[in-house]
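K.L.:
Sequence:
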Amino acid sequence: MKRTELMPISGLVLLVLLMNCGSGPVVWQRTIDCGAGEIAAGLAADRTKLVVVGTKTTNQSRTAWVIQAISKHGRLLWRRNFSQGESNIAGDVVMNPHGEAFVAGSCKIQGHQMCVVVKYSPEGSVIWQRAIAMGNASQAKGIALTDKGIFICGTVREKDKQDMLVVFLDTEGKTIWSKNYDFGPIDEATRLAVDKKGGPVLIGQTGTAENPDILLARLNPKGETLWTRVYDSGEPDRAGDIVLDVFGNIVATGTGRSGDSTRCVILEYHPDGKLIRKTAYGERGLAEGHAIAATPDADLFVAGRLYGPKQTYMLAFQYQPNATSIWERTYQSNAGDVTGVDLVVDTDVFVLGTIEKKKGSPDMVVVRFSRPVVSQS
Numbered sequence: 001m002k003r004t005e006l007m008p009i010s011g012l013v014l015l016v017l018l019m020n021c022g023s024g025p026v027v028w029q030r031t032i033d034c035g036a037g038e039i040a041a042g043l044a045a046d047r048t049k050l051v052v053v054g055t056k057t058t059n060q061s062r063t064a065w066v067i068q069a070i071s072k073h074g075r076l077l078w079r080r081n082f083s084q085g086e087s088n089i090a091g092d093v094v095m096n097p098h099g100e101a102f103v104a105g106s107c108k109i110q111g112h113q114m115c116v117v118v119k120y121s122p123e124g125s126v127i128w129q130r131a132i133a134m135g136n137a138s139q140a141k142g143i144a145l146t147d148k149g150i151f152i153c154g155t156v157r158e159k160d161k162q163d164m165l166v167v168f169l170d171t172e173g174k175t176i177w178s179k180n181y182d183f184g185p186i187d188e189a190t191r192l193a194v195d196k197k198g199g200p201v202l203i204g205q206t207g208t209a210e211n212p213d214i215l216l217a218r219l220n221p222k223g224e225t226l227w228t229r230v231y232d233s234g235e236p237d238r239a240g241d242i243v244l245d246v247f248g249n250i251v252a253t254g255t256g257r258s259g260d261s262t263r264c265v266i267l268e269y270h271p272d273g274k275l276i277r278k279t280a281y282g283e284r285g286l287a288e289g290h291a292i293a294a295t296p297d298a299d300l301f302v303a304g305r306l307y308g309p310k311q312t313y314m315l316a317f318q319y320q321p322n323a324t325s326i327w328e329r330t331y332q333s334n335a336g337d338v339t340g341v342d343l344v345v346d347t348d349v350f351v352l353g354t355i356e357k358k359k360g361s362p363d364m365v366v367v368r369f370s371r372p373v374v375s376q377s
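Residue numbering for the sequence shown follows our numbering, beginning at 1 and increasing consecutively.
Keep in mind the hints are simulated off the structure, nothing from the lab. Among the hints, erroneous ones may be present.
[Said to hold, decoys possible] Derived lysine to any residue pairs resembling SDA-like cross-links, with alpha carbons at most 25 Å apart: (1) Lys197 / Asn220; (2) Lys119 / Trp78; (3) Lys222 / Asp182; (4) Lys179 / Gly149.
[Said to hold, decoys possible] FRET-style restraints, in silico, Cβ to Cβ: (5) Gln129 / Gln311: 34 to 44 Å; (6) Thr295 / Lys179: 29 to 39 Å; (7) Lys274 / Pro372: 32 to 42 Å; (8) Val26 / Asp160: 44 to 54 Å; (9) Lys179 / Asn249: 22 to 32 Å.
As the structure is a prediction and not an experimental result, all values here were calculated from the model. The beta-carbon is built from N, C-alpha and C at its ideal position, and this holds for glycine as well.
Using the sequences plus the hints, can you model the full thing?
P.N.:
Next up, the structure:
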């Protein structure tokens with residue numbers, strides 16, 4: 001496959017400058033340590049609180065997902081565990097205007113892995129939960145809401161074949177339709193968003209296990225494929241996240257690799273699939289792109305991982321490809337490497353990450369960065 005060329009984002013400072021001046025200010029940070037290894041998965045917010053989901057390892061070497069509500073001042077409101085089988089893995093979380101949270105993930109019971117969707121009340125009580133068994137094994141990794149129901153995306157496996165999976169549920173969790181998508185030898189959908197017409201747009205990976213490429217796909221509300229686009233750096237690439245901006249354009253982030261270079265890439269497309277631009281973070285900065293968020297004011301923010309001389313840092317920045325200066329922040333931990341996994345943008349920017357500790361098991365962390373007004377030029 002032809003290698004994709006990238007245009008660097010103008011105005012982004014270099015890695016050495018980031019190390020000196022990009023580490024604050026942090027309004028607050030909260031480490032989430034449940035007594036076992038915790039891996040961050042998703043972050044959502046309503047007007048008053050944040051909801052965090054991740055996967056933790058229990059003392060019996062089994063996994064459960066943990067969902068936790070935090071006030072926007074960093075105070076713990078409630079915490080719940082989900083453990084229905086020998087293995088439970090959290091994928092993502094979204095919230096509706098009523099403060100109810102919807103979590104998508106997977107559960108393995110008696111050796112069979114299936115998709116699971118759980119709806120929680122604002123106080124953390126389970127309203128309903130649904131299991132969706134597809135193929136030999138299935139896993140939900142992304143979730144999005146519409147006025148008419150719930151979309152989830154992930155993977156489904158049949159023998160030695162793995163395809164993308166999209167399922168549409170009604171508001172009570174009843175399956176309306178489900179479809180598999182075969183775009184290559186190994187396919188995986190990791191995140192999705194929904195356009196104004198009610199159709200999902202997906203980001204995921206396609207190709208081989210040794211050399212995956214980033215795949216974007218736009219579907220109509222019935223799940224029919226309208227178009228697909230592939231980003232291929234020539235080496236293994238990893239999908240991050242996808243949003244629709246206020247103009248209806250599709251903007252995605254991920255990680256591209258070429259030789260010793262690791263780049264946070266941003267891909268922009270018109271609704272009809274026409275390319276707007278492909279860009280990369282910085283001119284020489286090594287970074288990964290894991291999450292992207294759009295605001296009603298047409299601002300876009302990206303979160304991921306920045307590589308430093310000795311360890312990695314949580315990275316968050318405002319995406320402005322034609323600006324001469326941008327808002328950007330990093331967060332580092334003395335405990336070990338930090339990766340930004342998801343983010344939400346309100347008055348400030350809230351980023352969820354995983355701390356891979358030098359000693360001991362990993363923890364989740366939520367960081368609130370202040371967001372001053374940035375002049376455009």
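K.L.:
For every hint, state whether the structure bears it out.
P.N.:
Evaluated hints:
1. Of the pairs offered as hints, the one joining Lys197 and Asn220 holds, with about 8 Å between alpha carbons and a cut-off of 25 Å not exceeded.
2. With a CA separation close to 15 Å, the supplied pair Lys119 and Trp78 stays within the 25 Å bound.
3. Taking the CA atoms of Lys222 and Asp182, the gap is about 17 Å. The hint holds against a cut of 25 Å.
4. A C-alpha spacing of about 16 Å is found between Lys179 and Gly149, which places the hinted pair at or below 25 Å, so the restraint holds.
5. One distance hint, 34 to 44 Å for the beta-carbon pair Gln129 and Gln311, holds here, with the actual separation near 39 Å.
6. Range check, Thr295 to Lys179: about 31 Å between beta-carbon atoms, so the 29 to 39 Å window is met.
7. Checked against the given bound of 32 to 42 Å, the beta carbons of Lys274 and Pro372, roughly 34 Å apart, stay inside it.
8. Between Val26 and Asp160 the C-beta distance comes to about 47 Å, which sits within the given range of 44 to 54 Å.
9. The given range of 22 to 32 Å is respected by Lys179 and Asn249, whose C-beta atoms sit roughly 25 Å from each other.
Going through the hint list in order, the structure satisfies each hint without exception.
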